[in-house]
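Visitor: Quick mapping for you: the protein sequence lines, in order, are chains A and B.
If you read the first sequence in our numbering, its first letter stands for residue 7, the second for the next number, and so on.
If you read the second sequence in our numbering, its first letter stands for residue 7, the second for the next number, and so on.
Hints were generated in silico from the structure; no laboratory data involved.
Hints are not guaranteed to be accurate.
The list treats identical chains as one, so a pair stands whether inside a single copy or across any two.
The list that follows gives simulated cross-link-like pairs (lysine-lysine, DSSO-like), each with its CA atoms no further than 30 Å apart [as the list claims (entries may be wrong)]: (1) 56 x 128; (2) 127 x 58; (3) 289 x 174; (4) 337 x 174; (5) 242 x 314.
The structure presented is a predicted model; accordingly, all values stated were derived computationally and were not measured.
There are 2 protein chains.
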Amino acid sequence: MKIAEIAPPWFAVPPVRYGGIEWVVALLADGLADRGHDTTLFASGGSITKAKLISVFEDPPGGAHIGEAFYDVTHASRAYRDADSFDLIHDHSGIIGPAIGAHVRTPVVHTLHGPFTDEAKKIYTTLSGQIWYVAISEAQRAFCPDLSYAGTVHNGIDLSRYPFRDEKEDFLLFLGRINREKGPELAVDVAHRTGRKLVMAVKMAEQFEQDYWREVVEPRLDGSEEIIGEITVDEKADLLARAAAVLFPIQWPEPFGLVMTEAMASGTPVISFANGAAPEVIKDGETGFLVGSLDEMCAAVERTGTIKAEACRAHVEAHFSADAMVEGYLKAFDRVLSRSV
Amino acid sequence: MKIAEIAPPWFAVPPVRYGGIEWVVALLADGLADRGHDTTLFASGGSITKAKLISVFEDPPGGAHIGEAFYDVTHASRAYRDADSFDLIHDHSGIIGPAIGAHVRTPVVHTLHGPFTDEAKKIYTTLSGQIWYVAISEAQRAFCPDLSYAGTVHNGIDLSRYPFRDEKEDFLLFLGRINREKGPELAVDVAHRTGRKLVMAVKMAEQFEQDYWREVVEPRLDGSEEIIGEITVDEKADLLARAAAVLFPIQWPEPFGLVMTEAMASGTPVISFANGAAPEVIKDGETGFLVGSLDEMCAAVERTGTIKAEACRAHVEAHFSADAMVEGYLKAFDRVLSRSV
């Protein structure tokens, strides 16, 4: 198959730092090329891939320019100019790429990487029937079920980046951005009530995140916690591998939640509110726990010893590896090309 | 002919306040409908037109949202969804509309309403050959001559909005935004050196415009000037009609310069630096003067009595009326449809 993968233009793929979408694109482009598909990756300069790379921007514009139409339009227009030379185009860029893709003859598949805001619903509904969508979880898809879906494909991760470790240390881990949706203050409460040490590796790039930390999280701290700022990929993998459990007190229906798969890949159970994609990602009682309240989360902490590290790793290998994701997309592509959706 | 006119989504057309592009679109849609063409106008709610109106946004988003891709994508996607039902699509929206239009079967004409920034050049070059361009002046076109042009069509105005007046008062008029490119401080200098009263109707919406006024213009004022803030369309027409001459000390190659045609329509000569489109708009010595220096501008002020108000009006009627513009576009459309460009 001749396949085009269109990354967002902002960062190189794979990303040097944070970048969930960029990792998905990088793994997919490599995985498709590995399987013998003639794969072209449209991504900014500095990208490393087994696919043929075409870059409009030699220097990735960077996060500060996200939202400026010039970059999306130029990048996507270059990619779609070649539309006729592909059997299928898989677009991960924002909303401008899909809007252009709606008018090419080649089938276009767009992965819905973000949540369904009112604006996203309006745009994707407008383009429905003209392009195919892939949801990254059934939970996400349920928020806008009537689009022209090619399927649901969970995000996969590069397992080699998350070394497996059977022996755990005694701390609980919270890892992520600091805002109401992520529930960091609930992780603090759970640690205090269960008498466990909490390590928090936090990201606070935005002012409102810093405000949330100062106003909501910091007043709850009692000095027993270890607070770490932004960390490297290796530091993150090390923390995940050593933790007794990862707390994921998610307060909104997050479309996926990559950190859950990263934790389980390291052999570490995840304790999450049964929100968003969590029930699709965690096998309750086998790779972690799905809870409905703070009391239940505390009770789950006491039961983490019953979770087998091997079961966590095996679950990710089977369902959230790069291979599983590539196979999932190939099935979705087949459905589109055979019009059996 | 079945023609679609796509306005930018931000304001209703015609605009209640400022909005050069919106006036062009409004006059064109009416003019095409008047000539019996089956015309559809894609524009936000509140628009008044003789064409069939299709609005994605019942309430125009307004200027504060300009640049947010959501609005352009939703608006343009709705318009291009119907692409096959038109003989020709004429797109005035920013860069997202044309990028989509590059992939529809129906010929798309895009009017270049702005200057050729580096970004604009890159995008329009990328899309060249996939859509047709109309420049609004030869001066503008010269900055990027190798695009797939359907022609050059000067902007037209609704002459009925600019009452003709033969008897002038003694003041010089400067009308416009306050920034280096518009040269407002030069208008002050010319008035002082020629001993004439200056009326300035100024627009300072942005901080940098207010800074420019305070730092560059204000220190030059000697109290003889009359300074007016933003004015209504009627107030503007009245000022233009009464002025002895309009000073247009333009310091950059502005692609058009609507105020020149508005002044001449009122029977008022324009004295402009020979920059940008000014040499195409002003008939030197007949409807105003083209100058190359401050000295020349002062000298021209002394000669305004030699300009006939009727000649100014007649020049606009012949070349910059709504009718002239509609005929210009129809010729460009014919060239596209007969592939004779």
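Visitor: The structure should be examined with respect to each hint, and the outcome stated for every one.
Guide: Now the hints, each set against the structure:
1. 56 x 128: between (36 Å within a copy, 28 Å between copies)
2. 127 x 58: between (33 Å within a copy, 27 Å between copies)
3. 289 x 174: Classified as within: same-chain Cα gap 20 Å, cross-chain 85 Å, threshold 30 Å.
4. 337 x 174: Neither: 37 Å inside a chain and 77 Å across chains, both beyond 30 Å.
5. 242 x 314: The answer is within: 21 Å in one copy meets 30 Å, while 79 Å across copies does not.
Consistency with the previously given hints fails for number 4 only.
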